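Asks: For the protein sequence lines, the chains are A, B and C, in the order given. Per our numbering, the very first residue in the first sequence carries number -9; after that it's consecutive. Per our numbering, the very first residue in the second sequence carries number 14; after that it's consecutive. Per our numbering, the very first residue in the third sequence carries number 8; after that it's consecutive.
FYI, nobody ran anything at the bench for these hints, they're computed from the structure. Hints may contain errors.
[As the list claims (entries may be wrong)] Stretch by stretch, here's where chain A covers chain B in the computed footprint (C-beta under 8 Å, at least three residues):
| # | stretch |
| --- | --- |
| 1 | 80 to 94 |
| 2 | 115 to 124 |
[What the hints assert, rightly or not] Over 10 Å on every C-beta distance to chain B, these chain A residues come out as not near it, computed from the model:
| # | residue |
| --- | --- |
| 3 | -4 |
| 4 | 54 |
| 5 | 57 |
| 6 | 59 |
| 7 | 61 |
| 8 | 83 |
| 9 | 111 |
| 10 | 125 |
| 11 | 127 |
| 12 | 129 |
| 13 | 135 |
| 14 | 161 |
| 15 | 208 |
| 16 | 211 |
| 17 | 214 |
[To be verified] Partial selection, computed: residues in chain A whose CB lies under 7 Å from chain C:
| # | residue |
| --- | --- |
| 18 | 74 |
| 19 | 76 |
| 20 | 77 |
| 21 | 78 |
| 22 | 85 |
| 23 | 87 |
| 24 | 169 |
| 25 | 174 |
If you're wondering where the values come from, they're calculated on a predicted model, not measured in any experiment. Note that beta-carbon positions come from the ideal geometry of N, C-alpha and C, so glycine has one too.
Each chain, letter by letter, is given below.
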Amino acid sequence: MDMLSEGLSGALRLLLGFDPDFTAIVAVSVLVAFTSTSLAALTAVPVGVLIAQRRFPGRGGVIAVLNTLMSLPTVVVGLLVYSMLSRNGLFGSLGLLYTRTAMVIGQWILAFPIVAALTVATMEGLDTRVHSTAISLGASPMQAFLRLLSEARFGIVAAVVAGFGRVFAEVGVSMMLGGNIKTYTRSITTAIALETNRGEFALGLALGIVLLTVALLVNILLALLKRRTP
Amino acid sequence: MTAYRLNNIEAGHNGFSLTIDDWTVEPGSMVAVVGPNGAGKTTLLNVLAFMEKPKRGTLSFRSRPVDYSSPRSLLALRRNIAYLAQNPCLFNMSVRRNIEYGLRLRGVPRNIIGEQVKQILEELEMTELEHRNVRELSGGEVQLVALARTFVLHSSVLLLDEPTGNVDKARIGIVERRLAEMNESDGVTVIFTTHSEVQARRMADSRIHITAGRVAVN
Amino acid sequence: MTLGVMVLWRRFGFLAGALSRDNQDGFMKAMEFTEKTLVTVMIGLIALCTVHAADAGDRSRVLRLATTTSTYETGLLDHILPLFEQRQNIKVHVISVGTGKAMAVARAGDVDVILVHARQAEDQFVREGYGSYRRTVMANDFIIAGPADDPAGVKGMRETGAALRRLAGGQHLFVSRGDDSGTHKKESQLWAATGIRPQGKWYLESGQGMSSTLTVADEKNAYVLVDRASYIANSKRLRLHVIVEGDPELLNVYGVIPVSHERRPSVKTMLADALVDWLVSPECQKMIEEFALEGERLFKPASAAETDAGDTDGHAE
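Please take these sequences and the hints and turn them into a complete structure.
Replies: Take a look at the structure:
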């Protein structure tokens, strides 16, 4: 009890006083999660749209795999990427292990299936008449396709937001690929996991508050986007 | 010059087939296509709107045979007409943006789009809907917006599949009056489907009847 | 970066497609859809570039040190490294893992230097050619900590082996790191000397760092082998007492080893050597000696550990 109340007052001091250690940790989390999510959006949205639009053999299998990968354990991704980025690994010569870039790569792999699978679901959930209606009003195939994308816009943004929510809160990849290096790869989750051991309970709580707040915002945003989808 | 000429046409898919031996639509006429559900009315309009390629036969538009091998010319043809599909779907944006859509596709300048949208909203007595989102509309209002979206194109050919199908009784008169005006004063060719013989007689100067894929021209 | 450019090309590729295939309004339509996403995309790319630039810019001025949880969690490195970083104008990236993991990471060439405490393993590391040489940095001692009421009645025993035998005999709860760390290696040696293979419900392996393991022992009222620095650093929040101490067997010596440039060409030998020189320099040794937590000094300088700890030179063997 005593520990919690002391921790809480310390956490508030950190939050309100913009403690440099604290802000550095939050900045790393935001920067890395934002970059990896942007990368996922750039790659997974087109892939999702393609899968939704095209009919090809094994398509159902691809969608099933994407859906399974949505719940891919972060430590498994961490392990796989670790084995490739280590100096012993396939891409070892790049020297990327224990860098922010490594974290971005790992988180990108985590976010990709979520964004892609949710994009597929959104596109398939669209009214089947959208395309033919656009054509009937004089749209070229490209314009009709853009119309489809535009109809799916809230769903696609929701997919990206869900991806962000996952990578922001994950710890396995950040820990294994980033190494929890102070001011460099120490993110909110790795700091909570490791720094509380050092008796930095207030810091852990303050970071936990940030994490909860972001999770709350992400969920509010998702709810709003859902309301705007037909 | 004829608006449409259909020669020895067979169209349709999934086992359904519609055949028309010879049918001509004169410019400026108002034609009603009458028949029960599933008779082939929608297939006929899809053919006339260049949305569906006939399996055989020749379709001529303004005395020129349609070239189905060129997507470019098909697109140009589609932009020459205005088509209201049956059971239309509105896009997830405001009423105003929905009505603008066809004009924007045709590259109409913004200020003209604004004027024309305003005009059509007044003509169909639906100005209060302008800024509503389509998800809030009733079935009748949806049909009205779809009609406005077609009328606003000011095409010389209007193809309407069940134009007053969902419209509130009070507004059917408004729509029919507007159609008659466009036909009479602007010389617009109107081809519409209906299963109401009464509406067909009231509106059209010629009628064709379709039963189970066979067309009888009156 | 290449990926970003490719993706960007895709974006503009379809804009260009809309422009060429249709007319001006096709372009307008494409712009309309992309204008909102494009902003996000650009910010993302800029962020990615920043991350990369920061990484690339830093990389030649970054030294990677893998070390044990015991040195890191006490805050010693935060105390002695900033001065070195400032003088050399570099950053030291500290990766805090157990001794075993630190050596594995170093063998793979993923770090430049290791600061560890497991003498036999260290010598083997140098013998195998992964380490260039080894220098003693500092020392303290291990203790066995346990509940204040000492249910096993081992308090004050001078001989660790006898104490461990009594713990095992009475099946008193004992928490092991179980993670191949330096502390775990030491514990294994001590058990091996007693001839007992610890196993059973009373022997718990936490698999975690020193501080977490202390927490587990504290919550379970168990005995635990811990280095004195970690014990002092965590003592404020623990109810565990020092139960066994003072056996020469419990000496805990820390060594620093730069990873061999011959084995792992990516290693930054110059910076690694500079760090070793700093750690054994009189100035740093003094800082280590004076480093205190809760009013207690945690480490002794290298000179105090010289009794059994000579330095090795891999090239000489």
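Asks: Now tell me, hint by hint, if it's right for this structure.
Replies: Status of the hints after comparison with the structure:
With 4 residues having a beta carbon nearer than 8 Å to a beta carbon of chain A, the stretch 80 to 94 of chain B meets the requirement of three or more and the stated coverage holds. Look at the stretch 115 to 124 of chain B against chain A: 3 of its residues bring a Cβ nearer than 8 Å to a Cβ of that chain, three or more, so the hint holds. Consistency note on residue -4(A): stated as away from chain B, and its beta-carbon is indeed over 10 Å from all of that chain's, at 51 Å minimum. No Cβ of chain B comes within 10 Å of the Cβ of residue 54(A); the nearest lies about 29 Å off, and the non-interface call holds.
With a closest Cβ-Cβ approach of about 25 Å to chain B, residue 57(A) is found to remain outside the 10 Å limit, as its non-interface label requires. In this structure residue 59(A) is separated from chain B by more than 10 Å, as the shortest Cβ-Cβ distance comes to about 29 Å. Annotated as non-interface, residue 61(A) keeps its C-beta farther than 10 Å from every C-beta of chain B; the closest such distance is 30 Å. At roughly 49 Å, the least C-beta separation between residue 83(A) and chain B is larger than 10 Å, which holds for a residue marked as non-interface.
The non-interface label for residue 111(A) is consistent with chain B: the shortest C-beta to C-beta separation is roughly 16 Å, beyond 10 Å. With a cut of 10 Å on Cβ distances, residue 125(A) falls inside the contact zone with chain B, its closest approach being about 7 Å. Some Cβ of chain B comes within 10 Å of the Cβ of residue 127(A); the nearest lies about 4 Å off, and the non-interface call is violated. A Cβ of chain B approaches the Cβ of residue 129(A) within 10 Å, the least distance being about 5 Å, so the stated non-interface status is violated.
Every CB of chain B lies more than 10 Å from the CB of residue 135(A), the least distance being 13 Å, so the non-interface label holds. Residue 161(A), annotated as away from the interface, keeps every beta carbon of chain B farther than 10 Å; the closest lies near 37 Å. Taking the minimum C-beta to C-beta distance to chain B, about 23 Å, the non-interface status of residue 208(A) holds against the 10 Å cut. With 10 Å as the threshold on Cβ separation, the claim that residue 211(A) sits away from chain B holds: the shortest Cβ distance comes to roughly 18 Å.
In this structure residue 214(A) is separated from chain B by more than 10 Å, as the shortest Cβ-Cβ distance comes to about 14 Å. Against a cut-off of 7 Å between C-beta atoms, the interface hint on residue 74(A) is violated, since the closest Cβ of chain C lies about 12 Å away. Checking residue 76(A) against chain C: minimum C-beta separation of about 5 Å stays under 7 Å; hint holds. Restraint check, residue 77(A) versus chain C: the minimum CB separation of about 3 Å is within 7 Å; hint holds.
Given the 7 Å rule on beta carbons, the hint for residue 78(A) holds: about 5 Å separates it from the nearest Cβ of chain C. Hint status for residue 85(A): holds, given a least beta-carbon distance of 6 Å to chain C, under 7 Å. Look at residue 87(A): its Cβ gets to within about 5 Å of chain C, closer than 7 Å, so that hint holds up. At its closest, the beta carbon of residue 169(A) sits 4 Å from a beta carbon of chain C; the interface hint therefore holds under the 7 Å criterion.
At its closest, the beta carbon of residue 174(A) sits 6 Å from a beta carbon of chain C; the interface hint therefore holds under the 7 Å criterion.
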